[in-house]
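*Asks:* So you can see what is in the structure, the chains are spelled out below.
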Amino acid sequence: MDIQTRIVDTKALLTCSGRMDAVTAPRFEAASTELLGQGHTAQIADLSGLEYISSAGLRSILAAGKKLKAAGGSLAFCGLSGMVDEVFRVSGFLKLFKVHASEAEALEG
Amino acid sequence: MRLSIGARLSALTLACVTLILAMVVGYAYVVSRDTIVELARKNGTAVAQGTASRINAQFQATAKVTETVAATLEDADLSKRFLSDLGRRVLFSNPGIFGTAVAFEPQAFERGTKYFAPYSYRRNYAITSVNLGGDDYNYFTKDWYQLARELNRPVWTEPYYDDGGGDTLMITYSAPFSRRTPRGLQPAGVVTADIDLAWLQRTISSVSVSASGYVFLLSRYGAYIAHPDPALIMNETIFTHAEDLNLPSLRDLGKEMVAGRAGFVEFSDLPGVGAAYVAYQPLPDERWSLAVVLPKDELLAGANRVTRIMTGIGLAGFVLLAGVILAVSGTITRPLRILTRAAGGIAAGNLDQPMPAIAPGDEVGDLAASFTSMKEALRRHIADLTTATAARERIESELRIARDIQMSILPKIFPPFPDRAELDVYASIVPAREVGGDLYDFFFADEHRFCFLIGDVSGKGVPAAFFMAVTKTLIKAVAEREKAPGRILSKVNDELAADNDSCMFVTLFLAILDTRTGRLEFGNAGHNAPLLLRRGRPPEWIGSLEEPMAGAMPDIDYTTGALDLAPGDTLFLTTDGVGEAMNPTLELYTDDRLLETVSAHANAGAQDMLRAVSASVTDWAGGAEQSDDITMLAVRYLGPAPQ
Numbered sequence: 001m002d003i004q005t006r007i008v009d010t011k012a013l014l015t016c017s018g019r020m021d022a023v024t025a026p027r028f029e030a031a032s033t034e035l036l037g038q039g040h041t042a043q044i045a046d047l048s049g050l051e052y053i054s055s056a057g058l059r060s061i062l063a064a065g066k067k068l069k070a071a072g073g074s075l076a077f078c079g080l081s082g083m084v085d086e087v088f089r090v091s092g093f094l095k096l097f098k099v100h101a102s103e104a105e106a107l108e109g
Numbered sequence: 001m002r003l004s005i006g007a008r009l010s011a012l013t014l015a016c017v018t019l020i021l022a023m024v025v026g027y028a029y030v031v032s033r034d035t036i037v038e039l040a041r042k043n044g045t046a047v048a049q050g051t052a053s054r055i056n057a058q059f060q061a062t063a064k065v066t067e068t069v070a071a072t073l074e075d076a077d078l079s080k081r082f083l084s085d086l087g088r089r090v091l092f093s094n095p096g097i098f099g100t101a102v103a104f105e106p107q108a109f110e111r112g113t114k115y116f117a118p119y120s121y122r123r124n125y126a127i128t129s130v131n132l133g134g135d136d137y138n139y140f141t142k143d144w145y146q147l148a149r150e151l152n153r154p155v156w157t158e159p160y161y162d163d164g165g166g167d168t169l170m171i172t173y174s175a176p177f178s179r180r181t182p183r184g185l186q187p188a189g190v191v192t193a194d195i196d197l198a199w200l201q202r203t204i205s206s207v208s209v210s211a212s213g214y215v216f217l218l219s220r221y222g223a224y225i226a227h228p229d230p231a232l233i234m235n236e237t238i239f240t241h242a243e244d245l246n247l248p249s250l251r252d253l254g255k256e257m258v259a260g261r262a263g264f265v266e267f268s269d270l271p272g273v274g275a276a277y278v279a280y281q282p283l284p285d286e287r288w289s290l291a292v293v294l295p296k297d298e299l300l301a302g303a304n305r306v307t308r309i310m311t312g313i314g315l316a317g318f319v320l321l322a323g324v325i326l327a328v329s330g331t332i333t334r335p336l337r338i339l340t341r342a343a344g345g346i347a348a349g350n351l352d353q354p355m356p357a358i359a360p361g362d363e364v365g366d367l368a369a370s371f372t373s374m375k376e377a378l379r380r381h382i383a384d385l386t387t388a389t390a391a392r393e394r395i396e397s398e399l400r401i402a403r404d405i406q407m408s409i410l411p412k413i414f415p416p417f418p419d420r421a422e423l424d425v426y427a428s429i430v431p432a433r434e435v436g437g438d439l440y441d442f443f444f445a446d447e448h449r450f451c452f453l454i455g456d457v458s459g460k461g462v463p464a465a466f467f468m469a470v471t472k473t474l475i476k477a478v479a480e481r482e483k484a485p486g487r488i489l490s491k492v493n494d495e496l497a498a499d500n501d502s503c504m505f506v507t508l509f510l511a512i513l514d515t516r517t518g519r520l521e522f523g524n525a526g527h528n529a530p531l532l533l534r535r536g537r538p539p540e541w542i543g544s545l546e547e548p549m550a551g552a553m554p555d556i557d558y559t560t561g562a563l564d565l566a567p568g569d570t571l572f573l574t575t576d577g578v579g580e581a582m583n584p585t586l587e588l589y590t591d592d593r594l595l596e597t598v599s600a601h602a603n604a605g606a607q608d609m610l611r612a613v614s615a616s617v618t619d620w621a622g623g624a625e626q627s628d629d630i631t632m633l634a635v636r637y638l639g640p641a642p643q
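The listed protein sequences correspond, in order, to chains A and B.
The numbering of the first sequence is our numbering, which starts it at 1 and goes up by one.
The numbering of the second sequence is our numbering, which starts it at 1 and goes up by one.
Listed next, with one range per pair, are the computed distances between beta-carbon atoms:
| no. | chain 1 | residue 1 | chain 2 | residue 2 | range |
| --- | --- | --- | --- | --- | --- |
| 1 | B | Pro360 | A | Pro26 | 51 to 57 Å |
| 2 | A | Gly18 | B | Ser614 | 29 to 35 Å |
| 3 | A | Thr33 | B | Ala615 | 39 to 45 Å |
In silico negatives: residues of chain B with every beta carbon more than 10 Å from chain A:
| no. | residue |
| --- | --- |
| 4 | Lys64 |
| 5 | Ala108 |
| 6 | Pro248 |
| 7 | Ala303 |
| 8 | Ile313 |
| 9 | Leu351 |
| 10 | Pro360 |
| 11 | Ala402 |
| 12 | Phe414 |
| 13 | Phe442 |
| 14 | Glu482 |
| 15 | Ala621 |
Note that these hints are calculated values from the structure, not bench results.
Every residue, glycine too, gets a C-beta built ideally from N, C-alpha and C.
Taking the hints into account, I'd like the entire structure generated from these sequences.
*Replies:* In structure tokens:
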């Protein structure tokens with residue numbers, strides 16, 4: 001899995017691509033934690049390039065989300081499609097996290 | 001084969017030493033030989049000249065005496081007595097003269113006497129006097145008389161045997177003399193003096209040359225006059241001798257000597273002496289020639305001896321040096337050999353092998369020190385590795401035990417309720433290599449309510465196993481008090497979410513079937529939807545209520561879904577390990593393929609259906625390593641129990 005981070009206005013954007021499985025998932029949590037350490041509490045993960053996500057991936061996202069929430073921030077998603085969208089839906093993540101249709105919408109909201 | 005360092009060092013050094021030794025000895029031999037040959041040339045020439053002049057001195061003395069006597073006789077008052085005394089006096093004062101005679105012409109001494117020649121000579125160490133001449137000894141025809149008389153001057157004869165006179169081999173100097181008569185000076189006869197060849201022989205024999213060296217004397221025509229071999233004297237010339245021996249070089253020497261030249265030549269093989277040098281020298285007057293033979297062996301004996309001694313000393317030095325080199329190279333290579341043996345022991349794995357004590361200070365000492373530290377480092381490394389391996393093995397063993405415990409809490413006896421005809425239940429779990437967190441369970445919550453569930457804990461390893469065990473226990477405890485699956489999940493979720501700092505969660509599908517009515521109530525905490533197979537209808541996914549997994553967040557109200565099962569309907573539950581099983585090219589098995597497989601076995605029993613799916617998934621994976629637990633649960637409702 002490949003993660004690119006950039007800052008747009010007040011929000012940090014994490015663009016993930018590839019496979020988020022048991023091996024690579026901790027990197028998402030680490031990247032998010034690092035941004036939090038730099039003061040970026042509002043984070044958006046763009047998962048449009050993600051082709052697979054395992055339960056370890058969900059756990060990593062959940063852990064990152066919990067940390068941000070505790071710090072008074074938020075973690076939102078955009079670009080869900082196919083298998084990732086399915087997993088988010090089935091696992092109830094749609095009820096736990098804010099999900100936007102596109103990156104632009106996420107940056108506005 | 002490669003020789004040892006010691007052997008190579010020795011061989012090389014000794015080869016050099018041998019070469020140097022050979023050169024030194026060879027050079028010394030050549031120089032001393034040349035010196036000796038040069039010395040021999042000078043010495044031989046000197047001996048030849050000395051001997052020649054000694055002989056010549058005798059000849060001249062003899063000639064002088066003879067001529068003096070001849071002159072005296074011219075006007076002396078001759079008597080037999082006088083002549084006899086004269087002879088004795090001459091012999092007495094000239095030890096080199098063998099005999100002397102005064103031979104008169106016929107009638108010249110006194111009328112009526114044809115032969116008158118008083119002759120004194122040495123015989124048996126005394127001087128004897130006889131009168132020569134007679135019918136059997138007509139001296140007028142002898143060379144010694146006739147030559148001097150006819151030539152009318154003193155002359156030396158050739159060597160001859162004086163048969164009837166001195167009876168020995170001799171040469172004679174003859175001088176004519178005259179008598180004063182009234183008619184003037186008239187030739188009256190010849191005065192002679194003989195030199196015995198045996199005397200010559202003794203003279204040259206007394207010349208000290210070397211042990212087997214000798215001197216020989218040739219006449220003007222090449223005849224042997226004196227020679228250590230008496231058979232040659234007056235019997236052979238040097239030329240006939242050379243012919244007999246087939247020695248052209250001897251003939252060449254003869255020509256040189258007869259021509260009256262002096263010189264020094266080398267012979268490769270002379271009879272009796274072998275290789276030899278010959279110095280030759282003419283006698284001044286008579287064109288005789290004298291040769292000194294110097295045997296090469298004896299000349300070079302000194303040089304040869306020196307060479308032998310030098311070679312001996314060299315050999316002794318060689319042996320000594322070889323010993324020293326071998327000893328030194330031994331002391332150099334012995335620690336190396338010891339080290340090699342010790343290193344071999346280490347290579348064979350014996351790290352406790354003591355390293356040989358080799359004094360530091362040289363290269364071998366440094367090497368030994370390096371070996372020692374290497375051995376210690378190896379021993380430490382191996383000890384560390386052993387400890388680490390043991391630790392890992394312990395952890396792995398603990399993981400295995402954790403896995404065994406985890407597996408042992410899942411129901412595994414089928415059929416689980418042999419006395420319940422309402423249900424056909426079968427389940428299986430194929431754990432991945434690493435400890436995972438899949439779980440399933442089924443039990444009767446009360447007489448008629450059959451509760452079953454399937455779940456998947458996030459993550460792997462011991463934490464997942466613990467979380468799974470806690471979840472299973474919690475569900476069973478809650479299910480006995482709560483009736484609706486949604487309520488059960490909410491309670492379980494609250495319990496799990498409390499103090500869940502590690503953010504672990506579990507997806508759960510939990511259903512309760514009333515076996516009397518077929519009424520199925522269910523709740524779904526983020527689990528993938530199960531398949532419902534109804535008689536005569538295509539399979540469908542049910543129960544995805546899109547609610548979060550349990551344990552992530554507290555205070556979630558899970559809804560309870562419901563549907564009615566007809567006898568023969570089957571619910572097929574899986575974890576995502578089935579749909580996400582991958583083949584070697586990382587393609588997923590997918591839910592679509594699962595649907596297909598299950599459809600093909602819609603009417604089979606729970607166990608057969610499960611096994612068919614399991615075989616299909618295994619076939620798909622084709623040997624690729626299983627990354628997640630594969631868990632399946634099939635529940636078939638057979639209808640209410642007969643009353």
